[in-house]
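Same order as they appear, the protein sequences are chains A and B. Our numbering puts the last residue of the first sequence at 316; the count rises by one with no breaks. Our numbering puts the last residue of the second sequence at 1296; the count rises by one with no breaks.
Source of the hints: derived by calculation from the structure; they are not laboratory data. Among the clues, some could well be false.
Unchecked claim - Pairs of lysine-lysine residues, derived as DSS-like cross-links and limited to a Cα-Cα distance of at most 25 Å, are as follows:
hint : chain 1 : residue 1 : chain 2 : residue 2
1    : A       : Lys73     : A       : Lys59
2    : B       : Lys1287   : A       : Lys122
3    : B       : Lys1107   : A       : Lys123
4    : B       : Lys1198   : B       : Lys1287
5    : A       : Lys73     : A       : Lys62
6    : A       : Lys62     : B       : Lys1144
7    : A       : Lys221    : B       : Lys1008
8    : B       : Lys1010   : A       : Lys221
9    : A       : Lys122    : B       : Lys1144
10   : B       : Lys1010   : B       : Lys1084
11   : B       : Lys1084   : A       : Lys122
12   : B       : Lys1283   : B       : Lys1198
Said to hold, decoys possible - Derived CB-CB ranges, DEER-like:
hint : chain 1 : residue 1 : chain 2 : residue 2 : range
13   : B       : Gly1025   : A       : Trp27     : 42 to 48 Å
14   : B       : Lys1010   : A       : Lys262    : 17 to 23 Å
15   : A       : Arg86     : B       : Phe1280   : 40 to 46 Å
16   : B       : Leu1139   : A       : Pro228    : 38 to 44 Å
17   : A       : Thr38     : B       : Val1286   : 31 to 37 Å
18   : B       : Leu1123   : A       : Gly18     : 30 to 36 Å
19   : B       : Leu1123   : A       : Leu182    : 51 to 57 Å
20   : A       : Lys262    : B       : Val1277   : 34 to 40 Å
21   : A       : Asp214    : B       : Asn1113   : 45 to 51 Å
22   : A       : Arg24     : B       : Leu1196   : 24 to 30 Å
23   : B       : Leu1196   : A       : Arg25     : 20 to 26 Å
24   : A       : Ile203    : B       : Val1120   : 27 to 33 Å
Heads up, the beta-carbon is just placed ideally off N, CA and C, and yes, glycines get one too.
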Amino acid sequence: MSKVSVAYETKKKKKKLGFMYYLRRDWQLYLLLVFPVTMVIIFKYFPMAGLVIAFKDYKILKGFMGSEWVGFKNFVEIFSNKDFYRALRNTLILNGLDLLLGFPMPIILAIMLNEIRTMWYKKINQTLLYLPHFLSWVIIAGVAYQLFQPRTGLVNVLLRNMGFNEIPFLTENIHWVFSYVLIGVWQSMGWGTIIYLAAITGINPELYDSATIDGAGRWGKIRYVTLPGIRSTITIILIINLGRIMGSSFERAHSLGNPIVKEVASVIATYVYSAGIQAQKYSFTTAVGLFQSVVGLVLVLISDWISKKIGEEGLL
Amino acid sequence: MFGDRYIKTKIINRTADIFIYLTVGLLSLLCVLPFIHVLAKSLSSDAKVTSQLVYLIPKDFNLRAYRSVLGDPSMIRSLWHTVKVTVIFTALGMFLTVCAAYPLTRKRLRGRNIISVLFVITLYFSGGIIPDYLLMHRLGLLNKTASLILPLAFSAYNMIIMRTSIQTTVPDSLEESAFLDGASDIRILLQIVLPLCKPILATLCLFYAVGRWNAYQDSVFYITRQPLYLLQHKLNLLIQTTNTSLTSSEAQPDTVTNPEVIKSACIIFATLPIVIVYPFVQKYFVKGVMIGAVKG
């Protein structure tokens, strides 16, 4: 045997031995990993594999393997389905308004909180502002109905007492859309400030000092130091939010919705639930879900690409 | 002239301060007043609520609504069920998180990048509602409590938080020296790493517990048998319907008949556990967000 091949053989052996060696040395670490890996494979990767039924005509009795392949038939069907279009339209409108009204709010609030120099006052306000984030959508919806119901809701009672007309906040389509969005803004504005406040803390204090020397007032400092200082954070949060424009929160739409406003309250998640789990159109709704997440993923990639183009840090 | 300008700036600053303090204060009030109103309603008499006289202070203070909520066996059963699910879910979630996070901090571990990617992918992509549902169906977990515990028990997000904080709080040298002294990995984990990571363990426990307590989507999807409904799910039905077992009970003079009062009491009842832990958990949650934001 030539020298080279001997060297090759030993190297190969070493590598083989190597793996056994690592396994023997670190078996406890691998053992620990067995539990979460098993869970992830069963409960996250099996469903991902289950996405193939979007291309099949899934019948429960025939199972994943036995069901017939139908290619893109389900996807073609989606785009001729009126209910799907309604859900898609509502999802985009609600998320679009969410972004428009909900995105700037935490930034403004964080800048205002940062301007508060009285520590105890700031702390109290933060505690109160974070509270809605910790409560479930069911509770928020429950409270919303207590406030905005026709006749008995507190806000409508007050409006009536002051001589105004009642407002059908949650029982008329257009009003419901804005109530839905504003309740969302209300729920998330406080919590959303955390990330911006942290970014503001990271700004070099010397920048503020030199801005003062340059004669910048309070507004000037916000404009020329604070805002540029948190620009990359703003971009990243914007990217994340743009990526979510196709997503939909089942719980939020489900708990705030009611039969009267069905026309505007049906979003993709609630539609998948009613057409998929309740009406058992499994393949069709899996295709809807797949469409939703693929478009969502593409949106994230696009906004990430744009943000890198304009010279900001990307997300991925 | 110069002094004039100085005074002018000072006035502008003061006005800005007043504006900011008031706006922020007002927004904060907006976050709590709704709950105070609901609380006031739940503690008032039927008559006062019906005639819409209750705003922020209870009128004819009484606890009858709570008595009928707590007197409803299905409510107590649901509460107990939810507490059980939350505790088991949290324990399992913590176990899995630690099992995943600790090995992934060991640089000498072969294949740790692949496993890491395996976990992180689940943050960005999932099967979705229907494939999840069909999996539950296949596993025979529909209408089983396990369907509310197992699928969500491992959170890659929490794992990343755990991993990051192990890396930052436990010095590598400490673990290396223990390893060279012949301590086994599990022993290092139990006797060195976990004790040093107590704050983050507490934080993640609360993440899991609060998350489980608040979520009800899976209960809607997987559970069709009333006794297994989570509290939030039950509450949701209660809020959306007027006629429930609670209000249709036989008319004693003591019974609350106004559904608004009962609903208020139920809302407060389900909010209370969160509000009680809230002052303690708030700062941990803020910290968790910060760690999670480093690499989300």
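Non-conforming hints, listed in increasing numerical order: Going through the list in order, the structure violates hints 3, 9, 10, 11, 13, 14, 16 and 19 and respects the others.
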